[in-house]
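S.K.: As a plain string of letters, each chain reads:
Number of protein chains: 2
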Amino acid sequence: MTTTAGALSGLRVIDLTRVLAGPFCTMMLADLGADVIKVEEPGKGDDSRHYVPFVNGESAYYMNLNRNKRGVTLNLKGKGRDILLDMVKHADVIVENYRPGTMEKLGLGWETLKQINPRLVYGAVSGFGHSGPYRLRAGYDIIGQAMGGLMSTTGWPGGEPTRTGTAIGDVLAGLSVTIGILAALRHRDQTGEGQKVDIALVDSVVASMEIITQIYLATGKVAERIGNRYEACYPYDSFQAKDGRVVIGAANNKLWALVCGVIGHEELIHDERFDTNPKRVQRHAEVKPLVEAWTREHTVDDIVERMLTAGVPAAPINTIDRIVKDPHIAEAREMFVETRHPKGGPLKLTGSHLKMTATPPSIRTPSPLLGEHNEEVYGELLGLDAEAIARLHREGVV
Amino acid sequence: MTTTAGALSGLRVIDLTRVLAGPFCTMMLADLGADVIKVEEPGKGDDSRHYVPFVNGESAYYMNLNRNKRGVTLNLKGKGRDILLDMVKHADVIVENYRPGTMEKLGLGWETLKQINPRLVYGAVSGFGHSGPYRLRAGYDIIGQAMGGLMSTTGWPGGEPTRTGTAIGDVLAGLSVTIGILAALRHRDQTGEGQKVDIALVDSVVASMEIITQIYLATGKVAERIGNRYEACYPYDSFQAKDGRVVIGAANNKLWALVCGVIGHEELIHDERFDTNPKRVQRHAEVKPLVEAWTREHTVDDIVERMLTAGVPAAPINTIDRIVKDPHIAEAREMFVETRHPKGGPLKLTGSHLKMTATPPSIRTPSPLLGEHNEEVYGELLGLDAEAIARLHREGVV
Chain D
1 MTTTAGALSG LRVIDLTRVL AGPFCTMMLA DLGADVIKVE EPGKGDDSRH YVPFVNGESA
61 YYMNLNRNKR GVTLNLKGKG RDILLDMVKH ADVIVENYRP GTMEKLGLGW ETLKQINPRL
121 VYGAVSGFGH SGPYRLRAGY DIIGQAMGGL MSTTGWPGGE PTRTGTAIGD VLAGLSVTIG
181 ILAALRHRDQ TGEGQKVDIA LVDSVVASME IITQIYLATG KVAERIGNRY EACYPYDSFQ
241 AKDGRVVIGA ANNKLWALVC GVIGHEELIH DERFDTNPKR VQRHAEVKPL VEAWTREHTV
301 DDIVERMLTA GVPAAPINTI DRIVKDPHIA EAREMFVETR HPKGGPLKLT GSHLKMTATP
361 PSIRTPSPLL GEHNEEVYGE LLGLDAEAIA RLHREGVV
Chain F
1 MTTTAGALSG LRVIDLTRVL AGPFCTMMLA DLGADVIKVE EPGKGDDSRH YVPFVNGESA
61 YYMNLNRNKR GVTLNLKGKG RDILLDMVKH ADVIVENYRP GTMEKLGLGW ETLKQINPRL
121 VYGAVSGFGH SGPYRLRAGY DIIGQAMGGL MSTTGWPGGE PTRTGTAIGD VLAGLSVTIG
181 ILAALRHRDQ TGEGQKVDIA LVDSVVASME IITQIYLATG KVAERIGNRY EACYPYDSFQ
241 AKDGRVVIGA ANNKLWALVC GVIGHEELIH DERFDTNPKR VQRHAEVKPL VEAWTREHTV
301 DDIVERMLTA GVPAAPINTI DRIVKDPHIA EAREMFVETR HPKGGPLKLT GSHLKMTATP
361 PSIRTPSPLL GEHNEEVYGE LLGLDAEAIA RLHREGVV
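As you go down the protein sequences, you meet chains D and F in turn. Counting in full-length UniProt numbering, the first sequence runs from 1 upward without gaps. Counting in full-length UniProt numbering, the second sequence runs from 1 upward without gaps.
In case anyone wonders, no lab produced these hints; they're calculated from the structure. Here the structure is a predicted model, which means the values were calculated and not measured. Incorrect hints may have been included.
[Stated by the list, open to error] When the alpha-carbon atoms are kept at most 27 Å apart in a straight line, the in silico DSSO-like pairs for lysine-lysine are as follows: (1) D:Lys-348 - D:Lys-44; (2) D:Lys-348 - F:Lys-221; (3) F:Lys-254 - D:Lys-77; (4) F:Lys-348 - D:Lys-221; (5) F:Lys-343 - D:Lys-221; (6) F:Lys-44 - D:Lys-279; (7) D:Lys-44 - F:Lys-254; (8) D:Lys-44 - F:Lys-279; (9) D:Lys-242 - F:Lys-221; (10) F:Lys-221 - D:Lys-343; (11) F:Lys-105 - D:Lys-254; (12) F:Lys-77 - D:Lys-254; (13) F:Lys-325 - D:Lys-221; (14) D:Lys-105 - D:Lys-44.
Isolated chain D, as found in the complex (with noise of 0.2 Å):
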């Protein structure tokens, strides 16, 4: 843990959320420097304190996405929202993830806050946003990927629409709303004026489709499930080695060329079946097995070296025990790094993907014990002394 003065050093951030997609957000801001307040309810904390897996009872999906953060607790109906607009005062940014509607019948909704402090940057993250017939149905992760087409892509033909593994509608939405959050900052530097910025997981994947949505906008044609294939180019796929599966990316008839030098059928380079992409692509199933007869002879590590030697492009197709001890990912570009918490003990956690030259992204502090900075926190923004603390504790508030 190194203690360099982030990008975002300066900034204060109020952190109402919970679990993953705002949590992730707040991530990010507090790696870049950023002062994150993280707020939890009083005696329970966010949900994500309890869920698996565990280490020393402390849970490490909260550990990996509070770190860097402050933590207190406070109840955020009666006295508790008034500490609430206390504090957001002397804030630059609040960033919340409940469902629309619940900050209003708080008391704490963006009109209110904006009469508060008119320079606030409010983010807010939702499945379906806070305006539309949807607003207020629950947004999954996999309502996210299911809504916003990604899944109707994923998978193979014939077979069923398929989730992404990871919670990729969290992800980008996470993303997204710390991007909207960081031009709004700007604009409020610039202005004074603040604002609120609503990110919605199912925009956030729609956003993510991209060309694919506009060959349909373009054409009429809807994406069809091919699985690892391209339709452009070939064989730019996925294939089965001796130990595992690898994929090699051959665009074009250069690249085919080298593919038919390495798995030793240089007669086929000017084979009239296979001299274009086109006729590649058109004869796919009968391009891979004869790939695959090579590749199922060899490990993916030979495989990749020798297809990367030769100049194609090729990858393992890595499992986490794989990435966490490769040299490039995990050494080079320190993408996990050793951390210890007082009670969870040492526990590597991911590092930040965001590399800058002058003020690098730094894992600085363990993930807060639930109100472990209540008299830190209250006593620097509002005065509170350890007495009043303990009496506001005694009452339920914090």
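Mind docking chain F on chain D? Use the hints.
M.R.: Below, chain F alone, put in the same frame as chain D:
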């Protein structure tokens, strides 16, 4: 097309990017109001100008990703290099997605550019990043998805690792470099110090794996492919309907009871085989046909309506043709915007998913014709007149 000044108005971006990950970033910056000057190779332009589908001879792929940008042509070798260095003096941001080392070979690497303009923010997107042993490998989307672990966790038990149906590696990297650039701009505005942001497709995919990686790091368990269900609860999965597939998300006993009510099998609520989440997960292969016996008799829309009415999260697995006419996504959230291109004519593009109250992103201008803004941009930034530009054109510089 509206003319709202965006959150990033006043920001000038020099855009050397091609095809997808880089242009997706500069598209967001342009949608947010930045002045993005896209620099393309004279006579040829961005490869994606030649990608299907075409509308009246113009690529819809290009038109979508390059709306709101101004376009100039420039040969980055020889005299063109000096012109780019002059432009860099007048820019806040430069973005490129060449293979690492290419900018240095052109004499345009970060170490050179920061001498010219120490306030510059330099955003780079590549397959593997600008450091580490794999940095010179070709980094296509499928390679990011394969090496970052996403393919290994997407798909079905006994089936193959599966790529996500959109170029999610490119999209994740495009979103991530946008975050890095905006954070670096904040640091620049406060300190005067520019920097380089170095984003890898592979790192971005690794970051998206999040809890899947954390489970391995905490327990040593490597994630398996389990289709559309989740390990924590059931029935939380996709189901066959009469006319397609639908997602139902019953995450707890209360929701399970509601599902049993909707499918007309209330006797299942207290059936000892299924009365806890762990039991339902263990017996998911028995639960699925019980639910599917009912879903097969109903349409997707009917199932979604009945489940939502009962309080159970549910969603259609939308294909693109459904999304573009969905009253929430297309209409209320305005995710598709009617535009007009001077050559391509009328075309719907994907709107911005970044919804902001004070400075809403907008599509103001169509994608540029090749070199369309040469006179305007070179005049404005460098004071070149039409004759000087014509001479540069004859010399093959622009």
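S.K.: A separate judgement is required for each hint: does it hold in the structure or not?
M.R.: Status of each hint after checking the structure:
no., hint, verdict
1, D:Lys-348 - D:Lys-44, "25 Å, holds"
2, D:Lys-348 - F:Lys-221, "14 Å, holds"
3, F:Lys-254 - D:Lys-77, "26 Å, holds"
4, F:Lys-348 - D:Lys-221, "14 Å, holds"
5, F:Lys-343 - D:Lys-221, "22 Å, holds"
6, F:Lys-44 - D:Lys-279, "26 Å, holds"
7, D:Lys-44 - F:Lys-254, "21 Å, holds"
8, D:Lys-44 - F:Lys-279, "26 Å, holds"
9, D:Lys-242 - F:Lys-221, "23 Å, holds"
10, F:Lys-221 - D:Lys-343, "22 Å, holds"
11, F:Lys-105 - D:Lys-254, "24 Å, holds"
12, F:Lys-77 - D:Lys-254, "26 Å, holds"
13, F:Lys-325 - D:Lys-221, "15 Å, holds"
14, D:Lys-105 - D:Lys-44, "21 Å, holds"
Hint compliance for this structure: every hint is met.
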